[in-house]
Amino acid sequence: MITLLRYFGLPPNYSVQGAEIDQMIVWVHWLMLILFVGWGTFFIYTLFRYRRSKNPKADYIGVKRHYTKYAEIGVVCFEALLLIGFAFPAWANRVREVPPEEGAVVVRVVAEQFVWNIHYPGADGMFGEADINRIDPQTNPLGLDRSNAGVDDIVTINQLHLPVNRPIVIHLTSKDVIHSFSLPVMRVKQDAIPGMSIPVLFEATETGEWEIACAQLCGLGHYRMRGFLTIETGLAFEDWLAEQAAELEEEGGEWWE
Amino acid sequence: MSDDTGHEESFWRKYIFSIDHKIIGIQYGITGLAFLLIGFSLIALMRWQLAYPEEPLPWIVFAAIPALIGIAVILMGGKKRPYLSMSGLIFIGLGALIWYFVSGEERMPGAIMLPEFYNQLGAMHGTIMVFLGVVPLAVGGFGNYVLPLQIGAPDMAFPRINMASYWSYVSGGVIMLVSFFVPGGAANSGWTSYPPLADIATTGQTLWLFGMVFLITSSLLGAVNFITTVIQLRAKGLTWMRLPFFVWSQFISAFLLLLAFPPLEVAGIFQLMDRLAGTSFFLPSGLVVSGQIIAVSGGGSPLLWQHLFWFLAHPEVYVLVLPAMGIVAEVIANNTRKPLWGYRSMVYSAIFLGIMSFIVWAHHMFLTGMGTTIAAFFQTTTMIISIPSVVILTALFISLWGGSIRFNTPMLFALGFLPMFGIGGLTGLPLGLAPSDVHLHDTYYVIGHFHYVVAPGTIFALFAGIYYWFPKITGKRMNEKLGKIHFYGSFIFMNGVFMPMFIQGLAGVSRRLWDGGAEFLHAQPFLYLNEVMSVSAWLLGLAQIPFIINLVRSIRSGEKVSSNPWGATTLEWAAAPSPPIAHGNFKTLPEVHQAAYEYSVPVEGDGTSDFIPQNQPDKEHVDK
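Each protein sequence line maps, in turn, to chains A and B.
Just so we're aligned, residue 1 is where the first sequence starts under the numbering used here, counting upward by one.
Just so we're aligned, residue 1001 is where the second sequence starts under the numbering used here, counting upward by one.
It should be emphasised that the hints constitute simulated quantities derived from the structure, not laboratory data.
Treat the numbers as computed from the prediction; the structure is a model and nothing was measured.
Cβ atoms here follow ideal geometry from the backbone N, Cα and C, with glycine treated the same way.
Please note that a few of the clues may not be correct.
[Unchecked claim] Mimicking SDA-like on lysine to any residue, the simulated pairs with C-alpha atoms at most 25 Å apart in a straight line are: (1) A:Lys57 to B:Val1561; (2) A:Lys64 to B:Tyr1348; (3) B:Lys1079 to B:Phe1017; (4) B:Lys1484 to B:Thr1474; (5) A:Lys54 to B:Asp1610; (6) B:Lys1560 to B:Gln1544; (7) B:Lys1481 to A:Gly221; (8) B:Lys1481 to A:Pro56; (9) B:Lys1481 to A:Thr46; (10) A:Lys69 to B:Lys1587; (11) A:Lys57 to B:Trp1401; (12) A:Lys54 to B:Val1601; (13) A:Lys57 to B:Arg1406; (14) B:Lys1476 to B:Lys1587; (15) A:Lys54 to B:Thr1474; (16) A:Lys54 to B:Lys1481; (17) A:Lys69 to B:Trp1401; (18) B:Lys1476 to B:Gly1077; (19) A:Lys69 to B:Ile1398; (20) B:Lys1014 to B:Ile1026; (21) B:Lys1484 to A:Ser53; (22) B:Lys1481 to B:Trp1538.
[Stated by the list, open to error] Covered by chain B, per the in silico footprint, the following chain A stretches (three or more residues, Cβ under 8 Å): (23) 23-32; (24) 38-45; (25) 55-62; (26) 76-83; (27) 146-158; (28) 178-192; (29) 195-204.
The following block holds chain A by itself, in its conformation from the complex:
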């Protein structure tokens, strides 16, 4: 089934959590296929066999036995299995209350029309405070306070770099309207809602470069709200962070003093 779904467009999955989601998609599509083929076969055969020219007199009763009851009970059992066996645990894994921040890479993503602001805590591991009154679209899109914990924070636009094989926690929010943060190959999708910060947990299993798409209509530029996801080895990720920090050092003094 997974081969079939792949053939019909499902991209490969490169995250630990995505395996559960794919498994779910596969099982549901099995159920759909069985029901559709079952109904379809019955339907076509019946239309052919009971056409008027072949069967001029209808039977008042029709089907006497209760096969359908068994079929319906079968559907109930299958759906119960999907719910209890797959859906509940998979969802619990996805949204479990305490993010395993220890050993995890923690990033903030702040959506706005029509870009993704990516916010790393920097060397001190602490996010600086953000205040809307400090926002400057050119120099400080997040309204970051650069005086304390924010001094070494790294902010990029549309460039999300993350290491492979490490748990990742993204705190997702939005400045203006509702967006939806979508990473199809990671099986990650989460609405970014102004006024709320929602944690997104996943762990990538492959290095590579992919896209961040916006899945929720957010205005006239919705179609071009595209970011870039780079999953790289731990070392390459550290190097990239160091590079960003150096750049910040260079140009930094100019705009927050």
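Based on these hints, arrange chain B on the given structure of chain A.
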């Protein structure tokens, strides 16, 4: 009921501000069809942009086709029936609307569609199709015309409220159309109008909200009327379990409308206040749009709107689907010449469906940051609600077994409904389970899913109903050959439009993208499907031409038929002439002695007829 049966009515009273449920039903039906046409035309334009992004629209073709159809209708209408000719103006008006769209620099400079305008068309396509097309046709049109006849009532319980309901609907529709002409154009935040986007949108959104208030009011007036009529005005002997399934479906839909629409009316007024009076029902504190701090008090919640909206919009899905199932059940029982299989379980399932539809709404919101408990609850209710749908669909399939199936046009559309609705229902399963929804949410998979439910599903059922009840309304039959061309064309192209959406959806292509995904690498392998879907959509439009010709020609010069041409058991055919008499429907009010579908009853009879009308007394009963 009205008391003015004696004297001649004025033209206005008779055809425009009528209080006869039959005229109101026809008014609803024609207006609904006109809006379906307009809603379709909007998507036909959008599909050009999706298939050939940023290429100029060959607008002359798009505007000329409806204009030519309009001229043809005017010519076909003839002098004797001025209203037929006048309906040609709808098509000419549509051609003019398309010309207006293309002529505006702020919409389509150089005939290339701007993203702003694409979003307007998208929002209005959804709104028009759901609130102005399908529901008015299914409930306002068929419900009004057929239901009182089927229960043996002389009219609806409140004829004047009925008229108010229709004119409130027309007002809402006019406001929606006018919104295209205000600065900034029509609403452009999707038919779901999620704030904050909708709160900060252009003036069109305000008109959208005003329009919705009228449409909701119309539905509420209609709903009270249907409920009262079914409870109070059933013919003598028409017990609950003898009701045709169509009546049950309308009755349950009316309850859904009555109970689910008020929260949206409230939400609509809240959003109006946010936009006009500076409140913050749906706006949190600290919004910064394009670098500017939004000066509002804040403290509101964008999710509140989603809850109120989906609390209506999910039951609304069943308002679309239940009447469709009702129509299909009528047509199938009649054309298999046997009773519906499992009538009782169908009725109980429909009631259960109606009740459950109030507690599944948040499955549209799994990705708004939902925790485990709430997600578990809504996944469970969603799986539970799939069961009665499966029961009803299965009962309809099984009803075919042992029948003597007549493949006339209404039956073809009813049969087409079954597998199409099946696909729509089944593809709802992975969306109703939160983990698989993560990947599929807000992709084309969702679009494919609900269009299978509503377009080849519900709209096929509505076509079945039009072909089936046309002789009731006019005393004439529609042409079978044109009907069959209409069916096969629609069937092929409907699937051509919506099947590829599942592939794009699995690939993760987001919905509502102006360029159909051309911006994104992951969409590249599947962009060719946009062209497939667009061409299918335009061909689907052309496949409706035989229907339009058939409708006009049959009104003018269709084959005359008897009062009960299909040999049907239910009262609208068995007890009333076709067309029924102007006020009062029946010469004498019928009495019911039979269940709804007594076809092919095994009795030692004379064998001349294979059905027992509902109003025919039992032989033994009479002998006693």
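Hint by hint, here is what the structure shows:
This hinted pair checks out: A:Lys57 and B:Val1561 have alpha carbons roughly 24 Å apart, not beyond 25 Å. A distance of roughly 20 Å separates the Cα atoms of A:Lys64 and B:Tyr1348; the hinted pair therefore holds under the 25 Å criterion. In summary, the hint linking B:Lys1079 to B:Phe1017 is supported, as the alpha carbons are separated by about 23 Å, within the 25 Å threshold. Simply put, B:Lys1484 and B:Thr1474 have alpha-carbon atoms about 20 Å apart, close enough for the 25 Å limit, and the pair holds.
Proximity of A:Lys54 to B:Asp1610 is assessed by CA-CA distance (about 17 Å); at most 25 Å being required, the pair is judged to hold. Among the hinted pairs, B:Lys1560 with B:Gln1544 is consistent with the structure: their alpha-carbon atoms are about 24 Å apart, no more than 25 Å. Taken as a hint, the B:Lys1481 and A:Gly221 pair is broken in the structure, with Cα atoms around 48 Å apart against an allowance of 25 Å. Only pairs whose Cα atoms come within 25 Å are accepted, and B:Lys1481 paired with A:Pro56 is accepted, the gap being roughly 23 Å.
With a C-alpha separation of about 24 Å, the suggested pair B:Lys1481 and A:Thr46 falls inside the 25 Å cut-off, and the hint holds. Taking the CA atoms of A:Lys69 and B:Lys1587, the gap is near 44 Å; set against the 25 Å cutoff, the hint is violated. Simply put, A:Lys57 and B:Trp1401 have alpha-carbon atoms about 12 Å apart, close enough for the 25 Å limit, and the pair holds. Only pairs whose Cα atoms come within 25 Å are accepted, and A:Lys54 paired with B:Val1601 is accepted, the gap being roughly 19 Å.
Distance restraint check for A:Lys57 and B:Arg1406: the Cα-Cα separation of roughly 11 Å lies within the 25 Å cut-off, and the hinted pair is therefore satisfied. A distance of roughly 20 Å separates the Cα atoms of B:Lys1476 and B:Lys1587; the hinted pair therefore holds under the 25 Å criterion. A hinted pair counts as satisfied when its Cα atoms are at most 25 Å apart, and A:Lys54 with B:Thr1474 does not qualify at roughly 33 Å. With a C-alpha separation of about 22 Å, the suggested pairing of A:Lys54 with B:Lys1481 holds against the 25 Å cut-off.
Proposed proximity of A:Lys69 and B:Trp1401 is supported: the alpha carbons are some 16 Å apart, at most 25 Å. Distance hint between B:Lys1476 and B:Gly1077 is fulfilled; the C-alpha atoms sit about 16 Å from each other, no more than 25 Å. Pair hint A:Lys69 plus B:Ile1398 holds up; C-alpha atoms about 12 Å apart against a cutoff of 25 Å. Of the pairs offered as hints, the one joining B:Lys1014 and B:Ile1026 holds, with about 12 Å between alpha carbons and a cut-off of 25 Å not exceeded.
A threshold of 25 Å between alpha carbons decides the hint, and for B:Lys1484 with A:Ser53 the separation of about 18 Å falls inside it, so the pair holds. For the given pair, B:Lys1481 sits about 22 Å from B:Trp1538 by alpha-carbon distance, which is consistent with the 25 Å threshold. For the segment 23-32 of chain A, the stated coverage by chain B holds: 6 residues have a C-beta nearer than 8 Å to a C-beta of that chain, and at least 3 were required. Only residues whose C-beta sits within less than 8 Å of a C-beta in chain B count toward coverage, and the segment 38-45 of chain A has 4 of them, enough to reach three; the restraint holds.
Evaluation of the coverage hint for the segment 55-62 of chain A: fulfilled, as 8 residues show C-beta separations to chain B shorter than 8 Å, against a requirement of three. Under a criterion of three residues with beta carbons nearer than 8 Å to beta carbons of chain B, the stated coverage of the segment 76-83 of chain A is upheld, 5 such residues being counted. With 0 residues carrying a beta carbon less than 8 Å from a beta carbon of chain B, the segment 146-158 of chain A misses the three-residue requirement, and the given coverage is violated. Here the segment 178-192 of chain A counts 10 residues with a CB under 8 Å from a CB of chain B, which clears the bar of 3, and the coverage holds.
With 3 residues having a Cβ less than 8 Å from any Cβ of chain B, the segment 195-204 of chain A passes the three-residue criterion, so the hint holds.
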